[in-house]
Amino acid sequence: MATVNEVIDTTIDDPGNRTPLVIGGHDYGSITRLVCGINESKTPIAWYVAMLASLSLLGMLGGLIGYLIFTGVGVWGNNNPVYWGFPIVNFVFWVGIGHAGTLISAILFIFRQNWRTSINRFAEAMTIFAVVCAGLFPGIHIGRVWVFYWLFPLPSLQLAMWPQFRSPLLWDVFAVSTYATVSLIFWYTGMIPDLATLRDRTNNKILRIVYSVLSLGWTGSARSWSRYEKAYTLFAALAAPLVLSVHTIVSFDFAVSQLPGWHTTIFPPYFVAGAVFSGFGMVLTLMVPARQLFGLQDVVTKRHLENVCKILLATGSMVGYAYAMEFFIAWYGGNMYEQFAFINRAFGPYWWAYWIMVSCNVISPQLFWFKVCRTTPWLMFVISIFVNIGMWFERFVITVTSLARDFLPSSWGMFEPTWVDYGMLVGSFGLFFTLFLLFVRFGPIVAMAEVKSVMPFPHHNRREEPNNPHGDFHDDPDQ
Amino acid sequence: MSEDTNNTEPKLIGLMAQFDDPDSLLAACEKVRKAGYTKTDAYTPFPLHGIDEALGIKPTILPWIVLTLGVMGGFAGLGLQYITNAEWYPFIISAKPVWSLPANIPVIFELVILHSAIAVFLGMLALNKLPTFSNPLFRVPEFARATDDKFFLTIDVNDEKYKPNKTRDLMDGLAGQTDVIEVYEDPSPAEIPKIIKFVGIGAAVVALIPPILLWRAYYQTSTVPRINPIRDMDIQLRGDTQTISPVFADGRTMRPRIPGTVARGEWIDPIMLTGIVPDAGKQNVAFLQDDEAPKEGDQKPAAEEKPAEEKPEADKPMAEDKPAEAKPADEKPAEGKPAEGAAPAAQPEEPEPNWVKIAPITVTRATLERGRNRYNIYCSVCHGLAGDGDGLVAQRALQLEQPTWIPPTNLHTDYLLTQPDGKLYNTITHGIRKMKGYGDQIPAEDRWAIVTYVRALQKTRTGTPEEIPAVEMKELEIKGQ
Numbered sequence: 001m002a003t004v005n006e007v008i009d010t011t012i013d014d015p016g017n018r019t020p021l022v023i024g025g026h027d028y029g030s031i032t033r034l035v036c037g038i039n040e041s042k043t044p045i046a047w048y049v050a051m052l053a054s055l056s057l058l059g060m061l062g063g064l065i066g067y068l069i070f071t072g073v074g075v076w077g078n079n080n081p082v083y084w085g086f087p088i089v090n091f092v093f094w095v096g097i098g099h100a101g102t103l104i105s106a107i108l109f110i111f112r113q114n115w116r117t118s119i120n121r122f123a124e125a126m127t128i129f130a131v132v133c134a135g136l137f138p139g140i141h142i143g144r145v146w147v148f149y150w151l152f153p154l155p156s157l158q159l160a161m162w163p164q165f166r167s168p169l170l171w172d173v174f175a176v177s178t179y180a181t182v183s184l185i186f187w188y189t190g191m192i193p194d195l196a197t198l199r200d201r202t203n204n205k206i207l208r209i210v211y212s213v214l215s216l217g218w219t220g221s222a223r224s225w226s227r228y229e230k231a232y233t234l235f236a237a238l239a240a241p242l243v244l245s246v247h248t249i250v251s252f253d254f255a256v257s258q259l260p261g262w263h264t265t266i267f268p269p270y271f272v273a274g275a276v277f278s279g280f281g282m283v284l285t286l287m288v289p290a291r292q293l294f295g296l297q298d299v300v301t302k303r304h305l306e307n308v309c310k311i312l313l314a315t316g317s318m319v320g321y322a323y324a325m326e327f328f329i330a331w332y333g334g335n336m337y338e339q340f341a342f343i344n345r346a347f348g349p350y351w352w353a354y355w356i357m358v359s360c361n362v363i364s365p366q367l368f369w370f371k372v373c374r375t376t377p378w379l380m381f382v383i384s385i386f387v388n389i390g391m392w393f394e395r396f397v398i399t400v401t402s403l404a405r406d407f408l409p410s411s412w413g414m415f416e417p418t419w420v421d422y423g424m425l426v427g428s429f430g431l432f433f434t435l436f437l438l439f440v441r442f443g444p445i446v447a448m449a450e451v452k453s454v455m456p457f458p459h460h461n462r463r464e465e466p467n468n469p470h471g472d473f474h475d476d477p478d479q
Numbered sequence: 001m002s003e004d005t006n007n008t009e010p011k012l013i014g015l016m017a018q019f020d021d022p023d024s025l026l027a028a029c030e031k032v033r034k035a036g037y038t039k040t041d042a043y044t045p046f047p048l049h050g051i052d053e054a055l056g057i058k059p060t061i062l063p064w065i066v067l068t069l070g071v072m073g074g075f076a077g078l079g080l081q082y083i084t085n086a087e088w089y090p091f092i093i094s095a096k097p098v099w100s101l102p103a104n105i106p107v108i109f110e111l112v113i114l115h116s117a118i119a120v121f122l123g124m125l126a127l128n129k130l131p132t133f134s135n136p137l138f139r140v141p142e143f144a145r146a147t148d149d150k151f152f153l154t155i156d157v158n159d160e161k162y163k164p165n166k167t168r169d170l171m172d173g174l175a176g177q178t179d180v181i182e183v184y185e186d187p188s189p190a191e192i193p194k195i196i197k198f199v200g201i202g203a204a205v206v207a208l209i210p211p212i213l214l215w216r217a218y219y220q221t222s223t224v225p226r227i228n229p230i231r232d233m234d235i236q237l238r239g240d241t242q243t244i245s246p247v248f249a250d251g252r253t254m255r256p257r258i259p260g261t262v263a264r265g266e267w268i269d270p271i272m273l274t275g276i277v278p279d280a281g282k283q284n285v286a287f288l289q290d291d292e293a294p295k296e297g298d299q300k301p302a303a304e305e306k307p308a309e310e311k312p313e314a315d316k317p318m319a320e321d322k323p324a325e326a327k328p329a330d331e332k333p334a335e336g337k338p339a340e341g342a343a344p345a346a347q348p349e350e351p352e353p354n355w356v357k358i359a360p361i362t363v364t365r366a367t368l369e370r371g372r373n374r375y376n377i378y379c380s381v382c383h384g385l386a387g388d389g390d391g392l393v394a395q396r397a398l399q400l401e402q403p404t405w406i407p408p409t410n411l412h413t414d415y416l417l418t419q420p421d422g423k424l425y426n427t428i429t430h431g432i433r434k435m436k437g438y439g440d441q442i443p444a445e446d447r448w449a450i451v452t453y454v455r456a457l458q459k460t461r462t463g464t465p466e467e468i469p470a471v472e473m474k475e476l477e478i479k480g481q
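Protein sequence lines correspond, in order, to chains S and P. Terminal number for the first sequence in UniProt numbering: 479, no gaps in between. Terminal number for the second sequence in UniProt numbering: 481, no gaps in between.
These are calculated hints, taken from the structure and not from any lab test. Keep in mind that a hint or two might mislead.
Stated by the list, open to error - Derived lysine-lysine pairs resembling DSBU-like cross-links, with alpha carbons at most 35 Å apart:
no.: 1; chain 1: S; residue 1: Lys205; chain 2: P; residue 2: Lys197
no.: 2; chain 1: P; residue 1: Lys161; chain 2: S; residue 2: Lys230
no.: 3; chain 1: P; residue 1: Lys31; chain 2: S; residue 2: Lys230
no.: 4; chain 1: S; residue 1: Lys205; chain 2: P; residue 2: Lys194
no.: 5; chain 1: S; residue 1: Lys230; chain 2: P; residue 2: Lys39
Stated by the list, open to error - If you want the ones that stay clear, here's a sample from chain P, every Cβ over 12 Å from chain S, calculated:
no.: 6; residue: Thr223
no.: 7; residue: Arg257
no.: 8; residue: Pro270
no.: 9; residue: Val393
no.: 10; residue: Glu401
Cβ coordinates follow ideal geometry from the N, Cα and C atoms, glycine included.
Put together the whole structure using the sequences plus the hints.
What follows is the structure, encoded as structure tokens:
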């Protein structure tokens, strides 16, 4: 049933036929078996190996956080004048990655891009885990972690004071925590029907209880589906502006300050484009190997990957445009300090970081103009890795080059990351992949119910109809 | 499925038809609805388009719930920021108003989204009556495929149109149905077992104890310091002011200055500092040990000796001695630091110290300008710009007829004219009667500059034409005409 049928090239546009989103002659039952099979099959050795590697990195991260908390933030390289070093770079990097999931679920849903159904669950999970990694860094960056709740407007006897609501850093607290909450419930809501499927299929008693509790007694009643779909639409309508607002507010952390190189109005759209770019880059990084490992080629077809590549090309070009525009405005604005900041960025002591950023973010996605790059999975995997590297460097360049050459030449200085900085960056990937591997093993990684809803109807009773009124694609001779 | 032979006779609650494809289900829904059934439902593995119309499902009220909660979230965000930042703890940043709406928009926006999203989630669950873990349908083995690839249509026995055989026939006649199943009520008791109930209630009660204790402690005063698990910098190795130290014999953490020492950078000529000419090295020390009560014994004899010894050196007649002695009772209470003034309150007949006669600074035009500047800032508010004791504060006090007001001294009285500069300086430093001391606010050089300026002010009333240089006299005459 679930045979890989690569005969159909879904990447060719045929105006007569709607390109199928699922190939390989699947019916509803085979989709269920394909997706649930990933959870129900014996745990592959590769999973254990990957989990072991991720857990070791996670353990290292935990150890480093303990070391940081007991010793103080001096273990980082953050120092005058670069007080915002790796922690903020990592925060913005991870929060950016965390934008693709909700974007795919919400904005592509609103635009009726049905191809999103195969990848949205995956991307949403990635969003949640990336936001977890992102939330970690400001959390430990505050120094006295045990009073982290001072970030929130809670009455405090000891302080007898309230947060400053006109600060972008506080907006950030609200934006990121709202984003994490909304993404989480959006993701969970989307999973309820699929968890019910897992519940109804599993023979393992413990898993059955777990899936029963998580699926909340979902039956698939038409009346429930009616409200569920309305809820999903509302979620999409709410999450679409939210996803744009979050990185806008993250960019305010920089743009609202007075530092040349940060104080620009281009930041909000530039950050949002960068976030979408990095998020889709990470989707590709995860999707290409996962699709291969779990045999999901029928559900996540090359056309899906090609669409992601096109988005990467578009957003990568937007990011490139933003880089160019920053230079243009620095020149056109005639402010010598602004000009210095940007010339210094490209040709100053951090020129290498700048050019890594440009080559990874602007040049490498241009390869997606060529169809061969958009349809060769290993090639797009390599480019997506470049995108990830480039986007990390983008945040590094923005944060560090601006601070290292701030107002007074007498207080200029270079940023020197410590081994703890590097360890935490690597360790955050351990946290991300640990969560991700757990999800891949125990959760429904493809939104089965949604994929089924975009599959062609089997039309058992209407087979006699000579012309398919929906223009739906049929390649299974049995149907 | 029908287990009619059971003793318990499980109650039939509905009929369920199974379909293999969505089209058949839609057609069946249509048919059942047209037959007049209302207590129907369909079960599908994915949302089926067109089933709302086919089954007659009314639009949900969920959007209205979300709108309400979203608006409430917006007002909550607005209120939170207004109450905390404009009312309870106003921040003034760069002289901006404490309440400025544009800066509050991001948080309002985020809270609208947050409240709406939670309303969507909880509203959807509540309207769908989820979570419901016990459902008779789950007891039907075939129903497990409702979340996989089968489609089901149910009719409730409570439906007005329901008639055992007729409905069954209708279900059997539905096109595309592959099976018709009777659904029975869940035979297991609906009641929660008593033991679980008791354990649950017990656990809830026990769980309430810590918050109640916390709440009680929060609103009670206590004689013991609060529990501080993470001490931050509250407790440090250093000794705090006003605490007992085990290190020193006298048990004081705050150490007195060692006699005869001056802190680095604080050295200033004692004459300059005090306005008193000392008679011996010992004297200097005594005046500098301003906080040292035990040292009083040393300095008293020195202070008492002074007047007798120093009088011959005076280049002016010591006319101030008499008025000064007439006023000691007034002056002394105002002197905050008895040791420095060398006039402890306990001794009424304290002799005058050896005041510096002429200010120990080089007087230039700049000094006088500086003196005027400082005088106008610090002194003129009471003493008046010309020194007549008619400053704005004094005028206002008279206007208000303040009973306790002591009018500031007119600087042109004989009593002040004849005072040595040192005494004038001492008055500025330590104050007199109601006047407070300005020693902490005005540096010594500036106090001397003020003394010099006061002398210049006095000269404007006492000067004679002979004292004016001929050139300037001429200019004055020209102006006078």
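Hints, one by one, checked against the model:
Of the supplied pair hints, the one linking S:Lys205 and P:Lys197 holds, its CA atoms being roughly 24 Å apart against a limit of 35 Å. Only pairs whose Cα atoms come within 35 Å are accepted, and P:Lys161 paired with S:Lys230 is accepted, the gap being roughly 30 Å. At most 35 Å may separate the alpha-carbon atoms for a hinted pair to count; P:Lys31 and S:Lys230 meet this at roughly 25 Å. As the CA atoms of S:Lys205 and P:Lys194 are separated by approximately 25 Å, the hinted pair is consistent with the 35 Å bound.
Restraint check: the Cα-Cα separation between S:Lys230 and P:Lys39 comes to about 22 Å, which is no more than 35 Å; the hinted pair holds. The non-interface label for P:Thr223 is consistent with chain S: the shortest C-beta to C-beta separation is roughly 18 Å, beyond 12 Å. Listed as a non-interface residue, P:Arg257 keeps its Cβ farther than 12 Å from every Cβ of chain S; the least gap is roughly 36 Å. Every CB of chain S is more than 12 Å from the CB of P:Pro270 (nearest about 41 Å), matching its label as outside the interface.
At roughly 36 Å, the least C-beta separation between P:Val393 and chain S is larger than 12 Å, which holds for a residue marked as non-interface. Taking the minimum C-beta to C-beta distance to chain S, about 42 Å, the non-interface status of P:Glu401 holds against the 12 Å cut.
Consistency note: the structure conflicts with none of the earlier hints.
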